[in-house]
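Colleague: Here the protein sequences line up with chains C and G, keeping their order. Reminder that position 210 of the first sequence reads as 209 in numbering that gives the first Met the number 0, one-by-one numbering, no gaps. Reminder that position 43 of the second sequence reads as 42 in numbering that gives the first Met the number 0, one-by-one numbering, no gaps.
The set of hints was computed from the structure by calculation and includes no laboratory data. Keep in mind that the hints are not guaranteed to be accurate.
What the hints assert, rightly or not - Ranges between beta-carbon positions, derived for each pair:
hint, chain 1, residue 1, chain 2, residue 2, range
1, C, D14, G, S76, 32 to 42 Å
2, C, D14, G, E133, 36 to 46 Å
3, G, D69, C, Y170, 50 to 60 Å
4, G, S76, C, D106, 56 to 66 Å
5, G, D22, C, Q172, 36 to 46 Å
6, G, D214, C, E104, 53 to 63 Å
7, G, L23, C, A77, 46 to 56 Å
8, C, R215, G, S207, 53 to 63 Å
9, G, A177, C, S96, 33 to 43 Å
10, G, D214, C, T198, 25 to 35 Å
A virtual CB, placed ideally from N, CA and C, is assigned to each residue, including glycine.
If you want the building blocks of each chain, they are given just below.
Number of protein chains: 2
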Amino acid sequence: MKVITIERKVLEKNDALARKNRDLLLGHKIFTINLVSSPGSGKTTLIERTLEKIRDSVHIAVIEGDVQTDLDARRVSAYGVPTIQLLTNGGCHLEASLVSDALAEIDLDDVELLIIENVGNLVCPANYDLGENEKVVVLSVTEGDDKPLKYPAMFHQASALVVNKIDLVPYLQCNMDALVRNALAINPRLRVFRLSSTTGRGIEAWTSWLTATVDRCRKEIPV
Amino acid sequence: MKVITIERKVLEKNDALARKNRDLLLGHKIFTINLVSSPGSGKTTLIERTLEKIRDSVHIAVIEGDVQTDLDARRVSAYGVPTIQLLTNGGCHLEASLVSDALAEIDLDDVELLIIENVGNLVCPANYDLGENEKVVVLSVTEGDDKPLKYPAMFHQASALVVNKIDLVPYLQCNMDALVRNALAINPRLRVFRLSSTTGRGIEAWTSWLTATVDRCRKEIPV
Numbered sequence: 000m001k002v003i004t005i006e007r008k009v010l011e012k013n014d015a016l017a018r019k020n021r022d023l024l025l026g027h028k029i030f031t032i033n034l035v036s037s038p039g040s041g042k043t044t045l046i047e048r049t050l051e052k053i054r055d056s057v058h059i060a061v062i063e064g065d066v067q068t069d070l071d072a073r074r075v076s077a078y079g080v081p082t083i084q085l086l087t088n089g090g091c092h093l094e095a096s097l098v099s100d101a102l103a104e105i106d107l108d109d110v111e112l113l114i115i116e117n118v119g120n121l122v123c124p125a126n127y128d129l130g131e132n133e134k135v136v137v138l139s140v141t142e143g144d145d146k147p148l149k150y151p152a153m154f155h156q157a158s159a160l161v162v163n164k165i166d167l168v169p170y171l172q173c174n175m176d177a178l179v180r181n182a183l184a185i186n187p188r189l190r191v192f193r194l195s196s197t198t199g200r201g202i203e204a205w206t207s208w209l210t211a212t213v214d215r216c217r218k219e220i221p222v
Numbered sequence: 000m001k002v003i004t005i006e007r008k009v010l011e012k013n014d015a016l017a018r019k020n021r022d023l024l025l026g027h028k029i030f031t032i033n034l035v036s037s038p039g040s041g042k043t044t045l046i047e048r049t050l051e052k053i054r055d056s057v058h059i060a061v062i063e064g065d066v067q068t069d070l071d072a073r074r075v076s077a078y079g080v081p082t083i084q085l086l087t088n089g090g091c092h093l094e095a096s097l098v099s100d101a102l103a104e105i106d107l108d109d110v111e112l113l114i115i116e117n118v119g120n121l122v123c124p125a126n127y128d129l130g131e132n133e134k135v136v137v138l139s140v141t142e143g144d145d146k147p148l149k150y151p152a153m154f155h156q157a158s159a160l161v162v163n164k165i166d167l168v169p170y171l172q173c174n175m176d177a178l179v180r181n182a183l184a185i186n187p188r189l190r191v192f193r194l195s196s197t198t199g200r201g202i203e204a205w206t207s208w209l210t211a212t213v214d215r216c217r218k219e220i221p222v
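Throw the hints in and build the complete structure from the sequences for me.
Modeller: This is the structure in C-alpha cells:
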C-alpha cells in the first residue's frame with residue numbers, strides 16, 4: 000500500500016519547481032542563498048550591511064519574502080540593487096513557485112549573487128526548497144543558546160549559521176559557545192559566522208566567504 | 000457555489016475541539032492563557048517568574064508545546080506545578096486536539112490558572128484556537144519595533160501584549176513606544192505590559208492582572 004499524504008504531494012510539487020529555479024539560476028552562474036530565521040533575528044540588517052560592503056564588487060539582487068508589508072523591501076532597495084517583494088498574505092514560508100515568479104522579474108544576466116530573505120519563521124521554511132545553493136540560518140544571541148536543539152529541522156537543513164547580535168552578549172545570559180555547540184550537535188557540517196550586523200564586527204568573514212563563493216560559482220567550480 | 004478548502008476543514012475541526020476544551024475549562028472555572036511568540040522571546044522565562052510570584056496564592060498548571068525536546072517542561076516542572084509536555088514532532092503550532100489530550104492528564108479540580116506555552120512561531124499559531132480565554136502575545140524588544148506590522152495576524156488575534164526584555168532597550172535601536180504604537184494600530188484593544196522577565200521589572204502589573212482575572216473567573220464574573 001502506498002500512502003501519499005497531501006503534505007507530501009505539496010512538497011513534491013514544490014521540489015519540482017525548486018529544481019527548475021535551481022537549473023535557471025545555475026545556468027546563469029548565480030550563487031543563491033536562502034536566509035531563514037525567527038522574526039527579528041536581523042536578516043534584513045545583515046543584508047543591508049552585506050550590500051554596503053560588497054555591492055560595488057558583486058552584482059546582487061534581493062528577493063524579500065514577507066507575510067505582509069513592504070517595509071524590508073523598501074529598506075533594501077534604498078541600496079540601489081534590484082529588489083523584488085514577495086507577499087505570502089498570511090502564509091508562513093516562501094515557496095518555489097513564488098520565487099519563480101520573482102525570477103521572471105529580474106535580469107538574471109546581470110546578477111552574480113541572489114539573496115532570498117524568507118518569512119521570519121524557524122519552523123515551516125525548513126521543508127521548502129526554493130532552488131537555492133545554500134540555506135543560511137540566522138540566529139540572534141538574544142534568542143537563547145537552546146534554540147538549535149528546540150528547532151532542529153532548520154539547523155539540519157542549513158549549510159551555514161550566522162550567529163547575529165554578538166554585541167549584546169555582555170547583557171544576556173546566553174552562552175554563545177553553547178549555542179554553537181548545540182548547532183553543531185544537530186549539524187556538524189555547519190559553517191559558522193559570529194557577527195554583529197549593528198556594529199559590523201565579524202561581518203568581514205561573512206562577506207569574504209560570499210565573495211569567494213560567488214567567484215567559484217562564476218568559474219563553475221562546485222561551491 | 001460553496002468552496003471548502005482543506006485548510007478551512009482543518010480549522011473547522013480544530014474550532015469544534017477548541018469549543019469543547021473551553022467548555023471543560025470554564026466548567027472548572029479555570030482561566031486559561033495561550034502564550035504565543037517568536038522563538039526566544041522569553042515565554043518560558045516569563046512563566047518561571049510568574050510561578051515564583053504567584054504559585055503560592057494561585058493554583059497553576061502549565062502545558063508546554065514544543066517541536067522537539069522537553070527542555071522547557073523540565074524548567075517549569077522544577078517549580079513544583081503540574082506540567083504537561085506536548086510535542087508536535089515538527090508541527091509549527093499547537094492544536095486543540097493536543098491540548099485536549101493534555102487536559103485529560105491534569106486534575107482540573109485543583110487548577111485555577113492554566114498557562115499554555117505554544118510553539119515559538121509568530122505566524123501559524125494565530126489561526127488555531129486551543130480553547131483559551133485569552134491569547135497573550137510576547138514580543139521581545141530585541142526583535143524590533145516593526146514586528147506587529149509585519150506579523151499582524153497574531154497581534155490581531157491576541158487580547159494582551161507582553162513587551163519583554165525591556166532591560167535591553169538601552170543597547171538596542173528599538174523604539175519601544177513605536178513598537179507599542181504599531182501593535183495598537185493593528186489591535187487597539189490590546190492590554191499592554193512592559194516588563195523584563197530577567198530583572199523582574201514590570202512583572203508586578205502582569206501578575207496582578209493574572210491574579211485579579213483568575214479571581215473574577217472563579218466568581219464567574221466575565222473576564
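Colleague: Evaluate each hint against the coordinates.
Modeller: Verification of the supplied hints:
1. For D14(C) and S76(G), the Cβ-Cβ distance of about 41 Å falls inside the hinted range of 32 to 42 Å, so the restraint holds.
2. A beta carbon spacing of about 40 Å between D14(C) and E133(G) agrees with the range 36 to 46 Å that was offered as a hint.
3. As the Cβ distance of D69(G) to Y170(C) is approximately 29 Å, the hint placing it in 50 to 60 Å is violated.
4. Between S76(G) and D106(C) the CB atoms are about 57 Å apart, so this pair conforms to the stated range of 56 to 66 Å.
5. Separated by about 41 Å at the C-beta atoms, D22(G) and Q172(C) satisfy the suggested range of 36 to 46 Å.
6. Between D214(G) and E104(C) the C-beta distance comes to about 57 Å, which sits within the given range of 53 to 63 Å.
7. Between L23(G) and A77(C) the beta carbons are some 53 Å apart, a value that agrees with the proposed interval 46 to 56 Å.
8. At about 60 Å, the beta-carbon gap between R215(C) and S207(G) stays in the expected band of 53 to 63 Å.
9. At about 35 Å, the CB distance of A177(G) to S96(C) agrees with the hint of 33 to 43 Å.
10. In this structure the supplied range 25 to 35 Å is violated for D214(G) paired with T198(C), their Cβ-Cβ distance being about 48 Å.
Checked against the numbered hints above, the structure violates hints 3, 10; every other hint is satisfied.
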